[in-house]
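J.: Sequences and hints are given; from them, build the entire structure.
Chains as they are written, first to last, in the numbering used here: chain G, 41 to 139; chain V, 672 to 793; chain S, 97 to 984.
Just so you know, these hints were derived from the structure itself, not from any lab. Take these hints with a grain of salt, some might be off.
Below are the BS3-like pairs computed for lysine-lysine, each with C-alpha atoms no more than 27 Å apart in a straight line [as the list claims (entries may be wrong)]: (1) S:Lys-804 to S:Lys-860; (2) S:Lys-741 to S:Lys-758; (3) S:Lys-863 to S:Lys-910; (4) S:Lys-898 to V:Lys-674; (5) S:Lys-863 to S:Lys-898; (6) S:Lys-895 to S:Lys-860; (7) S:Lys-898 to V:Lys-730; (8) V:Lys-711 to V:Lys-673; (9) S:Lys-804 to S:Lys-895; (10) V:Lys-711 to V:Lys-730; (11) S:Lys-766 to V:Lys-730; (12) S:Lys-860 to S:Lys-898; (13) S:Lys-804 to V:Lys-730; (14) S:Lys-798 to V:Lys-673; (15) S:Lys-898 to S:Lys-804.
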Amino acid sequence: MQRLPATPVFLERRSYRQRRMMDAIRLLPLVGLLLWLMPTLWATSDGDGVEPVRMSQAIVYVFGVWVCLILCAGSLWHYLRNSSEDAIDVEFGVKTEPK
Amino acid sequence: MKKRVLLVEDEPNIIEAITFLLSREGWHVDIQTDGATAVKRVRELQPDLLMLDHMLPGKSGLDILIELRSDDQFLALPILMLTARGQMRDRVEAEAAGVSRFMTKPFSNTEVLAAVRDLTRN
Amino acid sequence: MASINLLIAVCLTYVAFLFLVAFAAERAAARGRGNWLRSPLVYTLSLSIYCTAWTFYGAVGYAARSGMEFITIYLGPSLVMIGWWWFLRKLVRVGRTQRVTSVADLISSRYGKSNVLAIVVTIMAVLGVTPYIALQLQSVTLSLSIFSDPTGTTDGGMNLVSAGFWVALGLSLFTVLFGTRNLNANERHNGVVIAIAVEAVVKLVALLAVGIFVVWGVAGGISEMMVRIDNSDIGQWQVDSSRWTALTVLSGAAFLCLPRMFQVLVVENDDERHLHIASWAFPIYLMMMSLFVVPIAVVGLDLLPENSNPDLFVLTVPLSQGQGGLAILSFLGGFSSATSMVIVATLALSTMVSNHVVMPIWLSFQGQGATVSGDVRNVVIFARRVSILVIIALGYLYYRVSGGSGALAAIGLISFIGVAQFLPAMIGGIFWRGATRVGALTGLLVGFAIWTYTSLLPSFGADVVLSSPLLEQGPFGVEWLRPQALFGIKGIDPTVHAVLWSLLLNTSGFIFGSLVSFPKPLERLQGAQFVNVFANSGHAHGWSGSAAQSEDLMVMAQRILGGAEAQKLFRREAQIQGHDRYLPEPTPDFLQRVEREMSASVGAATAHAMISQLVGGASVSVQDLMAVADESAQMLEYSNQLEAKSSELLDTARQLRDVNAKLTQISVQKDAFLSQISHELRTPMTSIRSFSEILRDGHELKASEQTKYASIIHVEAIRLTRLLDDLLDLSVLENGQVSLNTETGSLADVIGHAVTTTQAGAIKQIKIDVSDLDTSIELHTDLDRLAQVFINLISNAQKYCKSPEPRLFIRATKTDNEVCILLTDNGLPIPMETHALIFEKFSRINDQDGSGAGLGLAICREIMIRLGGEIDYVPAARGNRFVLRLPV
Chain G
41 MQRLPATPVF LERRSYRQRR MMDAIRLLPL VGLLLWLMPT LWATSDGDGV EPVRMSQAIV
101 YVFGVWVCLI LCAGSLWHYL RNSSEDAIDV EFGVKTEPK
Chain V
672 MKKRVLLVED EPNIIEAITF LLSREGWHVD IQTDGATAVK RVRELQPDLL MLDHMLPGKS
732 GLDILIELRS DDQFLALPIL MLTARGQMRD RVEAEAAGVS RFMTKPFSNT EVLAAVRDLT
792 RN
Chain S
97 MASINLLIAV CLTYVAFLFL VAFAAERAAA RGRGNWLRSP LVYTLSLSIY CTAWTFYGAV
157 GYAARSGMEF ITIYLGPSLV MIGWWWFLRK LVRVGRTQRV TSVADLISSR YGKSNVLAIV
217 VTIMAVLGVT PYIALQLQSV TLSLSIFSDP TGTTDGGMNL VSAGFWVALG LSLFTVLFGT
277 RNLNANERHN GVVIAIAVEA VVKLVALLAV GIFVVWGVAG GISEMMVRID NSDIGQWQVD
337 SSRWTALTVL SGAAFLCLPR MFQVLVVEND DERHLHIASW AFPIYLMMMS LFVVPIAVVG
397 LDLLPENSNP DLFVLTVPLS QGQGGLAILS FLGGFSSATS MVIVATLALS TMVSNHVVMP
457 IWLSFQGQGA TVSGDVRNVV IFARRVSILV IIALGYLYYR VSGGSGALAA IGLISFIGVA
517 QFLPAMIGGI FWRGATRVGA LTGLLVGFAI WTYTSLLPSF GADVVLSSPL LEQGPFGVEW
577 LRPQALFGIK GIDPTVHAVL WSLLLNTSGF IFGSLVSFPK PLERLQGAQF VNVFANSGHA
637 HGWSGSAAQS EDLMVMAQRI LGGAEAQKLF RREAQIQGHD RYLPEPTPDF LQRVEREMSA
697 SVGAATAHAM ISQLVGGASV SVQDLMAVAD ESAQMLEYSN QLEAKSSELL DTARQLRDVN
757 AKLTQISVQK DAFLSQISHE LRTPMTSIRS FSEILRDGHE LKASEQTKYA SIIHVEAIRL
817 TRLLDDLLDL SVLENGQVSL NTETGSLADV IGHAVTTTQA GAIKQIKIDV SDLDTSIELH
877 TDLDRLAQVF INLISNAQKY CKSPEPRLFI RATKTDNEVC ILLTDNGLPI PMETHALIFE
937 KFSRINDQDG SGAGLGLAIC REIMIRLGGE IDYVPAARGN RFVLRLPV
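T.: Shown next, in the form of structure tokens:
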């Protein structure tokens, strides 16, 4: 009876966080797609007088986006794995099958 | 010296009746109402006859019987078992466990006395 | 400079090493020590078969020709992996719960286990992937030739054709050996997976080594490399926007649809959590694979003569710098890429071919039914081995015929567009319940036709298959039908054109077909299973009528699953069904399980067909129902009713089983109850009989003894009577035969009556305190019965309250809807562990002298229930408390 009344609030907060993290996981590929489609707007070498984007810049941009996406995905995975396996299972619908 | 019988029974009126009957036959009757310490009591008293109820608080008569018969010392001890449950299975189990005589309540006084005499003839 | 002979020796050693690794892995798995074989790392590495020789050699060539565009081939899969939550998660789950063995199996299984769809998908996959296999053979032989002619301008002095033949033979051998060793339940191949994981490491290390050599060894550092890149031919952004977008989407689609990717992503997946890890780990792999592509291409363009083949820069750049060892490593990398792709692709295709083409044909020849046929297991393995040989032979043939022409990347892209045609049917299948077989078939055929017309046939060049006038002006001069400018829309890049139209029309056909057609019952059920896979990770739909005999099932399952496996399955089922007889009953559940186990070996449609041969006939099977359903909508309704009825019957059977179990339990309880009653009745009878005999026989008793014995008889006779009364009472109450005599009266009166009754003639008096009792409480109930409850409770307290000053407090409160009465004594609280028992019959918790039968509280409870109230026991602070609640 006298157990911390704060516990449910705390849990609420945690699961709320987890839900938002799940939203982030869902959003991540869309963000990636958007960023990687940016180059379609760049000036090309046959553009009319506009200085085309240099190859080295393009490489830095594409790989930079890549690294960011991997870091985000990795840290989201790490966060959700550490926070609670159960919550992930519930959220991801990953149930261990009864044997 | 008087022969000793240990009566393991929890029903006061039945104790009274059996004590009355056996005292008249010249027996010394010891009473034990609890099943749990019955085996210990048998070892202490070394009675010439054991009368055992089936349903006892603490430990069932059948368990007491099995425990005693697993000890060589009590292989020959006459054990008369009385039961009020009236189930065939109880009799079969008790006989398998080595009971000397098995009787169902309510018993006739003469039958009980005959059985006691029969069991302790030698 | 490495000689060809040295190279071949290295190659053979490497292959021997792979054999060894695969063999060791199989052994470890067989002994159950293979857990590490199924780690997330191995899973991630196995995904790298996406990176074939096309990406190993071809990416550099691609970059040298068109700059950054090559990278789209990696961006698509990266996005798919990072966005695993959207699609892969569900795909893997569906694949695992439905025991799917291939893309064809997935699609056929989803659309009502349709074998037609399976065959269509299989043929499309074989047509789409064969050129790709040829491409791998070509790249291996081409790279071998480089070592005899480093400039790469000619085919060199060695016999490329025979080299290609030996490579093909070696690959077939490996695949047959490790891909068809066991036809196991989950269709996973430990040896193959571990070998491709090793190859994944080799190709990554090789490409990174060449890249590092190029950046630091040749260019002299990162910044110098960047300057060099900007000054090269590809130093400026020259990517076509439409191609960039289309290729990103295409590569993502192909990543999901390629049979080999499906094999490693879904079929070989052992744990869904591995996918979570691969979601970020595999993009790292892809990123590293593409990191040095542009530098190698730029340096190659700089250093090597104008006419050298850019597809082989990865080899020729180190060779031109005199780095023979690095070149050999790089060669091994390319070799790994090619071999791992061929092995897994062939494995995946052979599974499809044997399960969906060979087995159904073979089964239809075995007209008499599945049980009388030969050993199915052997047939499946044999079919699979032959399929492997045939597929690799097809690849080799294509390579011979095409003569190793065309840039690597072009063939790869055509193959990608081909397999991407599966995407609408796949995505629609697992997200849209309305998708039907007709829709899937329409979409697939339309997409496939457009792919052939706009992409495959034109790729052979003008006048090979399609004449140049046809390409220029369209068939019969109809401009709208020009292969590379459909509907008169010109100026689109041919690849984008093919992707756009094939996928667009494929999807439209799929949706339109689904909207206008009506799915069969099995399709609807499978659709629900697939789409709602997270809601109910349940069963594929199965068998309602079960005329299959267990013996027949056993015989068939043994043939397909193997003896030990089948026996295990059947024994486990027998145990679940609760009888230790060897064979379990063929319940629908069990049939479904057998079907699923078998479908892992021979595919869903075949397994379904085999079981239906056994089950069909005598009883109503799903297929019978479907045949009926096809005739008219009315009949469909009827068949649904039949299914409902049959499930109703099953329900009834289950209920009967439950009732039976309950009856058995009750019978045990009844036996215990009877021996209890016997004991309760015989015990007083014993005293009565014994003492009456003593009195009868004289024995010269004293007067006091005579009185005593007579009174024992009297007391015991009363006890017997009371016991009989109680038993009768209880039995009447329990059977609900009691008629309540409802009256209105005051609670105080009822309690007063009970107190007087119990106090009269009792030896041990208890002081009863009713001072707090609210005398205004009126009750409308059976007052006599209620009084009986109070009498029982008060006399209990009277008998068992061991306090020196026994007291009983009676209190009552009334709320809007109930009256609550508390009886609290100051006796010893009863032990905690017996609380649950006190209302049971014959419980006699505190009864040391045995005068009560232990029925009093049981009667109280029964009465309270009849009166619509309840009684509870609550341990009080110092004593015992009974709480009675009565509705007002």
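J.: With reference to the structure, classify each hint as holding or not holding.
T.: How the hints compare with the structure:
1. A distance of roughly 20 Å separates the Cα atoms of S:Lys-804 and S:Lys-860; the hinted pair therefore holds under the 27 Å criterion.
2. Among the hinted pairs, S:Lys-741 with S:Lys-758 is consistent with the structure: their alpha-carbon atoms are about 25 Å apart, no more than 27 Å.
3. Proposed proximity of S:Lys-863 and S:Lys-910 is supported: the alpha carbons are some 24 Å apart, at most 27 Å.
4. Proximity of S:Lys-898 to V:Lys-674 is assessed by CA-CA distance (about 39 Å); at most 27 Å being required, the pair is judged violated.
5. With a C-alpha separation of about 13 Å, the suggested pairing of S:Lys-863 with S:Lys-898 holds against the 27 Å cut-off.
6. Straight-line distance between C-alpha atoms of S:Lys-895 and S:Lys-860 comes to about 7 Å, which keeps the hinted pair within the 27 Å bound.
7. Restraint check for S:Lys-898 and V:Lys-730: satisfied, since their Cα atoms lie roughly 25 Å apart, inside the 27 Å limit.
8. Between V:Lys-711 and V:Lys-673 the CA atoms are separated by roughly 21 Å; this keeps the pair inside 27 Å, and the hint holds.
9. Our distance criterion of 27 Å between C-alpha atoms is met by S:Lys-804 and S:Lys-895, whose separation comes to about 22 Å.
10. Proximity of V:Lys-711 to V:Lys-730 is assessed by CA-CA distance (about 12 Å); at most 27 Å being required, the pair is judged to hold.
11. A hinted pair counts as satisfied when its Cα atoms are at most 27 Å apart, and S:Lys-766 with V:Lys-730 qualifies at roughly 23 Å.
12. At roughly 10 Å between alpha-carbon atoms, S:Lys-860 and S:Lys-898 fall within 27 Å of each other, so this suggested pair holds.
13. Only pairs whose Cα atoms come within 27 Å are accepted, and S:Lys-804 paired with V:Lys-730 is rejected, the gap being roughly 31 Å.
14. Under the criterion of a C-alpha separation no larger than 27 Å, the hint pairing S:Lys-798 with V:Lys-673 is consistent with the structure, at around 24 Å.
15. Between S:Lys-898 and S:Lys-804 the alpha-carbon distance is near 26 Å, which keeps this suggested pair within the 27 Å criterion.
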